[in-house]
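Chains H and V supply the protein sequences, listed in that same order.
Position 223 of the first sequence, counted from 1, bears residue number 269 in this note's numbering, the numbering being contiguous throughout.
Position 208 of the second sequence, counted from 1, bears residue number 209 in this note's numbering, the numbering being contiguous throughout.
Keep in mind the hints are simulated off the structure, nothing from the lab.
Accuracy of the hints is not assured; some may be wrong.
Far from chain V, by Cβ distances over 10 Å, these chain H residues were calculated [claimed, not checked]:
1. 176
2. 252
3. 414
Where chain H lies over chain V, by a calculated footprint (3+ residues, C-beta under 8 Å) [to be verified]:
4. 75 to 86
5. 146 to 159
6. 220 to 232
By construction, the Cβ of each residue, glycine as well, lies at the ideal position given by its N, Cα and C atoms.
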Amino acid sequence: MTTKSLGNPFSKDTDLRHGQSCPCEPCKNARIEAQTPLMSSEEMLEQAVESAIVRSVFGHSDIGRRSFMGMVGGTTAAAALASVFPLNEAKANILENLGPPEKTDLNIGFVPITCATPIIMAQPLGFYERYGLNAQVIKTAGWAVARDKSLSGEYDASHMLTPMPLAMTLGAGSVAEPYIMPAVENINGQAIVLANEHLDKRDPSQWKGFTFGVPFEYSMHNFLLRYYVAEFGLDPDVDIQIRVVPPPEMVANLRAGNLDGYLSPDPFNQRAVYEGIGFIHILTKEIWEGHPCCAFAAPLSFATELPNTYGALLKSIIDATQYASNPDNRIEISEAIAPTNYLNQPVTVIQQVLTGTYADGLGEVQRVPDRIDFDPFPWQSMGVWILTQMKRWGYIEGDVDYKGVAEQVYLASDARKVMTDLGYDAPAENYKSHMIMGKSFDPDQPEAYVDSFEIKAD
Amino acid sequence: MGLLSENKRAALWSVILLVVGLLVWELSISNQQVAAGELTEYELLTGAGTAKAGVPPPSEVLVKAWQELSNPFYDAGPNDKGIGIQIGYSIYRVLTGYFLAAIIAIPLGFLIGMSSVAYKALNPFIQVLRPISPLAWMPLALFIIQDSEASAIFVIFICSIWPMLINTAFGVAGVREDWVNVARTHELSPLKTAFTVILPAAAPTIVTGMRISIGIAWLVIVAAEMLVGGTGIGYYVWNEWNNLDLTSVIFSILMIGIVGMLLDAAFGLLQRRVAFVE
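Model the full assembly from the supplied sequences, consistent with the hints where possible.
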């Protein structure tokens, strides 16, 4: 993997003026000679700090630094520097003692769905401002465009689906670019909706030949739908058709009969009920109680090049997420995010999603307060689960370093640090086992978990 | 019937068709049954007290149009701007891509029209590239250019270049041999021949190509903006589609038609200016 612009500052062979992807000849040759070992994101952040300090000590004279390192040796220099400058403290403080953001005008992408609630509401409710940022939230037509605009740097950070930063880091369905996901947005909050004509087909084994919509290939929606139908003996690649449909277009397609049902983000599940087109078959919390869905993600370079901005942004997002997790605030939030500038939906629809008091399309009013919930902590075990499903359905092949990739992308310790700073409780560990449709998932045995499924891609 | 001139009769018929069409439309939309009296909680949650999304009668579209057009330049954040601003963005993208295309297509068309070798050499490429739907370029453009604004402009560029190129080549090649021979006997330089003889002679065909191009560019920008989002009239349609707000969708369809008509009319004027009688 490429660790952009992060050369070892204590080596005489690295040139801190040239990034690691620098195309100039000497750099290319140096790279071939010294393949840098895999670094976790935290190590990268540490090295970014070290690099910044070493550069400032040598007054940006890289020639001076390199000859000095050559004479005394990197380790000696590091020790000497540490005696006068508390390197370790500087590293630990990067998220605690944030300086003023290097860049305050930010563009943050979002797809208009309730999963993005914290990212969206942080704007009208002033969470970005609170941490000194002038962030604009930009509506995006779909996930592929969100991915491309994020990769091209038009968005500084973006609302994404939890599997996307993993897939992008691995280069699955995208150019490989290291991404980080320091916060989850929402847990639960999705549903399987069927068209009204299928009122009598509540048993999934009757769904042979159905066409379902999911918002993106690399989405929890796709993986949960596949998991669900496979538990009922259907092979999602053979017995049903799964089509990628941008969330806002789900309702129109269901009405037109192009889809028999979909597993999609809200408000489009509730909107189908509101329009009298479909009904809610099940909420996804019945498949996996507390599953992650959407996330806040950014390229790794954003965190390393603009650490103060990254820290401030992460604080505003986590603060907003915690605010959204309080049910008392949900009505206020519904009104804040319903206007044209944000979700562009009727307030009643948003409110039913966020409060969990909703019409199910079958004539009943359901009261499920945790229909959607918000919890920023990016469990690395969730990342491992997503990777097992990507492996199971053939999105990635060969040997997968499940934990390595999950740890590199899901920055649990950044989230923990910020959560603790803001006075919230954060879990002490990064892994836990999850229960999905009565089957427990052990993050320590990912390969065995993949093999345990009867229905999977060949 | 001899009392009215042909034009006046045609105008009268247009008005009659419009009024009848609108009346039929208005009457064919049955009033929705909105539940009255005490509503149960379930009815409230499914919006029984309010109208469902549906095709609106023209009177509603007119009300919507009045609202939007009376405040066309409001700016309520990056995702909610007035119709005037949205159309402005779209026209800006169309004109930028279009003029870039003209700068390349017209000189190249001249070259192809004047030299049959150049024509034969370039023709296979033109024939393969021309029928490609401009939107098919979008994923590639987004990936390579890495900028959604520039990608939209590129898509306009690539779709408007072909009619201009082909028409210019056709017009230039079709200039009467006699005129070029006269220029030659006057010992005009090739450049001077191109500007004083061929350009005026081929101008009507070239402008026809330009007129076709601007029409295509305007067709394509709506689709491109629906795909990329952000700003523009295409984004406006998409955003209102999200909300199943067909009144706004119909209103914006009308606006798209009107702007397209104005663009076409502008080139129609230009076409009359360059026309000549032999």
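Going down the list of hints, with the structure as the test:
| no. | hint | in the structure |
| --- | --- | --- |
| 1 | 176 | 19 Å, holds |
| 2 | 252 | 26 Å, holds |
| 3 | 414 | 13 Å, holds |
| 4 | 75 to 86 | holds (count 5) |
| 5 | 146 to 159 | holds (count 3) |
| 6 | 220 to 232 | holds (count 5) |
Against the hints set out earlier in the document, no violation occurs for any number.
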